[in-house]
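Student: Chains as they are written, first to last, in the numbering used here: chain A, 27 to 244; chain B, 127 to 325.
There could be a bad hint or two in this list.
Which residues of chain A face chain B? A partial, calculated answer using Cβ under 7 Å [said to hold, decoys possible]:
#, residue
1, 41
2, 45
3, 71
4, 73
5, 74
6, 76
7, 80
8, 100
9, 104
10, 154
Just so you know, the hints here were simulated from the structure itself, not pulled from any lab data. Backbone N, C-alpha and C fix where the C-beta goes; we use that ideal spot for every residue, glycine too.
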Amino acid sequence: MTIIHHHPDISTLMSYAAGSLSDSMSLVISCHLEHCSDCRQRRASAESLGSSLVEECSPVSMSTGARDDILQMLNIQPHQSSAAPIPKPPKHGEVPSALQRLLGHAEFDQLEWKTLAPGMKQVALPSAEGKLKLLKIAPGTCLPSHGHSGTELTLVLKGSYTDECGRFQAGDLEDLDPDTKHQPVADTHEACICLIATDAPLKFEGLVPRLLQPFFGL
Amino acid sequence: MSDALIKTDNTKFEPGTGQSPGQSSAQMASNLVDLARYRSRSQFLVIYDFFAPRLKSYLIMRGAESSLAEELVQEAMLSVWRRCDSFDPEKATASTWIFTIARNLWIDHLRKFKPDRLSSLDCYEDISEPVETEFTDSHKLKQLIKNLPCQQAQLIHQVYFSGKTHREIADEMAIPLGSVKSGLRLAFEKLRKQLGGNQ
Ligand SMILES: [Zn+2]
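Excised from the complex, chain A in its bound form:
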């Protein structure tokens, strides 16, 4: 197991625990948590903060009859769907369990990668809020320098990259400050595969990258 050096900010984990992150960003956090027991602890703390806040809410009475209704409902046998969560398939290959359903249980090399620019391919993934995608950066490829108007979470799934903030390896998550610009470069002989969720459109600098922007769907 590799040691994880980069984690989501606690403010991000608080929003995750509160259920106030976009679904795309929540999924990225979930994938990081699979590898990071430190963040599982921090997540649990943030959830316990939430539950204590709820305990301190001024109670609002349920309507008359609600108590009898619930007792009636206890008799009903659960539908398959509303019962316990479906156990996740055992982890195999390189895809985090939280991502397996979304990828149709395919491995990375079985996906249809679309070329964005030389050395850069992506797979857009469905999500309702914000954008979610896999990005594959060929060895030595340097992404255009860009800033972000909103928040972006990048989780390395395979390989590694280096940018102004450090070196990011499998399991590492870059929770980029909104005003930081960065220019990631895949820094080994192996392609780097990242899972990226954004909240808002990215702002690229310079003419050529600006032209690229529509292709990124970032």
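For this one, chain A is given, so just place chain B with the ligand on it according to the hints.
Tutor: Then chain B with the ligand, alone, in the frame of chain A:
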């Protein structure tokens, strides 16, 4: 009937108002464990009477109409009844376990009609592990939040109850996005330290 085995004193109790005699966190956890073991309805009602009115309040604050809030509360409490065998007091407090059920129901409700949505099952894996439950003393927490700088307290409230993203909070409070993140960070650290960490 196993109900006879359970010692409960509900005599001074007003059902459904949430004005129950103080339930300690440890009591609630053992209630849940017993519920899984004995399947006692009276035990269930003790849990229901404490949590239902609080969850209703929470869901209303998150934007649910009263009737919807109540519907979701019933659904959440039904999940408590059906899934209490998966509750592990080593890994979470009763309150946190129930909170996450209600939270997941609420976000799934919000996304119900959105295309391509990811469900709470995709986004919240049940991978909790033994944890230093730092925020179990909710009364003390309430006091500490009152003592926070006003803006930090507001930020906590925005995140947990308004359901807004950091960007939306920044826009609404007319502060930079970076200040939202640093304010939350400071508030969390302060509360964590003042609540004394691992108990
Ligand atoms: Zn982490």
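Student: All hints, please: hold or fail.
Tutor: For each hint, the structure was consulted:
1. 41: 5 Å, holds
2. 45: 4 Å, holds
3. 71: Cβ of residue 71(A) sits 5 Å from chain B, so the hint holds.
4. 73: 5 Å, holds
5. 74: 4 Å, holds
6. 76: 5 Å, holds
7. 80: 5 Å, holds
8. 100: 6 Å, holds
9. 104: The hint holds - residue 104(A) has a Cβ within 7 Å of chain B, the shortest such distance being about 5 Å.
10. 154: Holds: closest Cβ of chain B sits about 4 Å from residue 154(A), inside 7 Å.
Violated hints are absent here; each numbered hint is respected by the structure.
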